[in-house]
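K.L.:
Letter by letter, the chains look like this.
Number of protein chains: 2
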Amino acid sequence: MAAVPVSDRILMGPGPGNPYPEVLSAFTRPVLGHLDPEFIELLDETNERLREAYRSSHRLTFPVSATGSAGMEACFVNVVNPGDVVVIGVNGVFGARMCDVAARCGAEVVRVDAPWGTPIDPEQLLAAHPSPKVIAVVHAETSTGVRNDIAELGANKGDALLLVDCVTSLGGIELLVDDWGIDLAYSGTQKCLGVPPGLSPVTVSARAVESFVERSQSWYLDMRMIAAYVEAGAARSYHHTAPISMIYGLHAGLGVLLEEGVEASWARHASVGQHLQDGLEALGLRLFAQEGHRLPELTTVWTPEGADEAKLRRALLDRWSIEIGGGLGEFAGKVWRIGLMGHTARIRNADLFLAALSELLSELVR
Amino acid sequence: MAAVPVSDRILMGPGPGNPYPEVLSAFTRPVLGHLDPEFIELLDETNERLREAYRSSHRLTFPVSATGSAGMEACFVNVVNPGDVVVIGVNGVFGARMCDVAARCGAEVVRVDAPWGTPIDPEQLLAAHPSPKVIAVVHAETSTGVRNDIAELGANKGDALLLVDCVTSLGGIELLVDDWGIDLAYSGTQKCLGVPPGLSPVTVSARAVESFVERSQSWYLDMRMIAAYVEAGAARSYHHTAPISMIYGLHAGLGVLLEEGVEASWARHASVGQHLQDGLEALGLRLFAQEGHRLPELTTVWTPEGADEAKLRRALLDRWSIEIGGGLGEFAGKVWRIGLMGHTARIRNADLFLAALSELLSELVR
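From first to last, the protein sequence lines are chains A and B. Using our numbering, the first residue of the first sequence is number 1, and each one after it goes up by one. Using our numbering, the first residue of the second sequence is number 1001, and each one after it goes up by one.
Careful, some of the hints might be misleading.
A short, non-exhaustive set of chain A residues, derived as facing chain B with CB atoms under 7 Å [said to hold, decoys possible]: (1) Ala66; (2) Asp84; (3) Tyr220; (4) His240; (5) Ser245.
What follows is a set of in silico ranges between Cβ atoms, one per label pair, in the way DEER data are often shown [stated by the list, open to error]: (6) Arg224/A - Arg1319/B: 30 to 40 Å; (7) Arg1319/B - Glu48/A: 22 to 32 Å; (8) Lys1334/B - Glu231/A: 22 to 32 Å; (9) Glu231/A - Leu1361/B: 29 to 39 Å; (10) Arg224/A - Ser1358/B: 41 to 51 Å.
With a straight-line cut-off of 20 Å between C-alpha atoms, the simulated EDC-like cross-links for lysine to aspartate or glutamate are [stated by the list, open to error]: (11) Lys1133/B - Asp1159/B; (12) Lys133/A - Glu174/A; (13) Lys311/A - Asp1036/B; (14) Lys1334/B - Glu1309/B; (15) Lys1311/B - Asp36/A; (16) Lys311/A - Asp1159/B; (17) Lys1311/B - Glu38/A.
None of these hints come from the bench; they were simulated from the model. Cβ coordinates follow ideal geometry from the N, Cα and C atoms, glycine included.
The whole structure should be built from the sequences, with the hints applied where relevant.
P.N.:
In structure tokens:
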């Protein structure tokens, strides 16, 4: 049985990014049982590290045993009863996905749209309904490279729960769960945490826990039951088998993050992202996301005029083993998404990409 | 930040078992993007290997991006509409879990119970309702060590869909999805496949696909949408980010299984399990599961009379680094569950365990 060859890519798409080397090493640790005292200790430490990364004091903080979109679903199914009003900001694919997920919970979805590439106006979200159960928004829109403002929502949310998609923000840009009043946040491991995809770290406030639905429509994502396993101090009762090796990886990735320092990681992403964006403009390309709300960890840029953008991406992959992402929805073929996340967020990757792109563009006019 | 120490356990509980060494190596492969042509090729090959392991020709065969219980939920949420009749056999924890999951889909659950430790009578399941939408049963009950008969259900199911929990059976005992008429099967990676927990391989018949619900209550587990990503031949459209490294591990574990041969793996589990069960009886212990329906990969045995069973399990862990499992439900403290699954299913592990147990029992009477 021939092993499939696996190339050593530079992952500059919208995620996954390249994992920290420490993470892949951690994957090779001997597997422990999910009730083994040693594993419980490691899980507790992982959750404590997540609180630090999230700047969260929420007791219920743990990795959902599935990828980021399952974290989204976990947050909605545990607080939304049929008929509940959920206000959702939509300026990209992931805001739209929230509407789909909330609707499947029977929510009355009040949708507040902003054009792709621009941020959601927090005042519009707050004014959309007098007494929503939940206000939900994406912090870092992976489909457009736009950062939405969160702090103002938390300050003025009233009785609503504030639910935030932090898939592409955690570890990459300033994110302050406690200070901003976020009640439910979810993320993914494969973006700015520098861990392969497979887990969705969530953090949930006591207020949100108090308003949990009686019985979640999902058994697997039922946080009432999961809490009996993941919460420190309680007698651990088996819910489902934890993905042991992935949790080793997350534990190790968070170790790298905290050793660097969360603020230092934000600063690294900021400076490398700025470097890339400056370089793209120097090559004559136009950035897509609105200035002032651009994500450094995920740059969006209009594709080079007159070029076959898919061919250019294929050349990047074949000649330099660099992956970048295409646009989504109506921007497919028109916008590129270039990630510099986690271990990938290094000047050397930005420089290599700019050099490769410059070469490809000069070949076009030859 | 001190790394948490991780012991090198012999995992003889109800799962996870020890992974094949080839699997941990595969985890360290460079991460690819989920739309990278190389990754798609590896995913296709993984799904083809799953079909071989399952003895299934079902086109829709893939690993759900979460652990076994999510596979269970994925099977139910895609075929059960509110009000649908679902007949479920219950002779342990996982049959009961099926009832919970089906009820959350709004199913009218018709439950057929058998005492724990005994198999479900297929005729009773078939007679429970004249026209159920689904008949569901656990092939290998991980809570009791009992094998339930499947073939007769498939032969006489009529228009019903046959849904089978194969978490602890796939790779460990005879399992013939096509021949037995199984429409929906799910498994876990951490049992007889010798891969750490994290994925749930499923295989779904064309009949089941045709009767998919309009819109699954779960977005993450919506197989209509997932099929657009995992099915060979189709243009791949992004649904959620696949857990790349876990799929490397599954691909490698299935490679080990197929190189040994699926029947050879069944035979190895059978002989090692029989060896353990003979040895336990030779030590004067009584097996729990009914003869003729005992799983070789998961042995259940009444705990030694007059002994503190938790203390014995702790001694096994501390002195030999062997993990075994306690009983569940009313059999907590009364029954042990001893797994010999995947890479753990070796004579040397059975012999070491028997030697250690013999030593502990002799210390009791000293």
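K.L.:
Under the criterion that the straight-line Cα-Cα distance not exceed 20 Å, is the pair Lys311/A, Asp1159/B satisfied?
P.N.:
violated (50 Å)
K.L.:
Between Lys1133/B and Asp1159/B, does the CA-CA distance stay at or below 20 Å?
P.N.:
holds (7 Å)
K.L.:
Quickly compare the C-alpha distance for Lys1334/B and Glu1309/B to 20 Å and report which way the hint goes.
P.N.:
Within the cut-off at roughly 8 Å; holds.
K.L.:
Between Arg224/A and Arg1319/B, is the Cβ distance one that fits in 30 to 40 Å?
P.N.:
holds (37 Å)
K.L.:
Would the stated hint for Ser245/A survive a check requiring a Cβ distance to chain B of less than 7 Å?
P.N.:
Given a least distance of 4 Å, the restraint on Ser245/A holds.
K.L.:
Please verify that hint: Asp84/A, Cβ, nearest Cβ of chain B, below 7 Å or not.
P.N.:
Constraint on Asp84/A not satisfied, violated at 15 Å.
K.L.:
Does the closest beta carbon of chain B sit nearer than 7 Å to the beta carbon of Tyr220/A?
P.N.:
holds (5 Å)
K.L.:
Holds or violated: are the alpha carbons of Lys311/A and Asp1036/B at most 20 Å from each other?
P.N.:
Holds - the C-alpha atoms of Asp1036/B and Lys311/A are around 14 Å apart, at most 20 Å.
K.L.:
Between Lys1311/B and Asp36/A, does the CA-CA distance stay at or below 20 Å?
P.N.:
holds (14 Å)
K.L.:
Verify the proposed pairing of Lys1311/B with Glu38/A, using a straight-line Cα cut of 20 Å.
P.N.:
Holds - the C-alpha atoms of Glu38/A and Lys1311/B are around 17 Å apart, at most 20 Å.
K.L.:
Let me know if the C-beta of Ala66/A comes in closer than 7 Å to any C-beta of chain B, holds or violated.
P.N.:
Hint holds; Ala66/A Cβ to chain B Cβ min 4 Å, cut 7 Å.
K.L.:
Between the beta carbons of Lys1334/B and Glu231/A, is the distance compatible with 22 to 32 Å?
P.N.:
The hinted range 22 to 32 Å holds for Lys1334/B and Glu231/A, with Cβ atoms some 28 Å apart.
The structure is inconsistent with the numbered hints 2, 12 and 16, although it conforms to all the rest.
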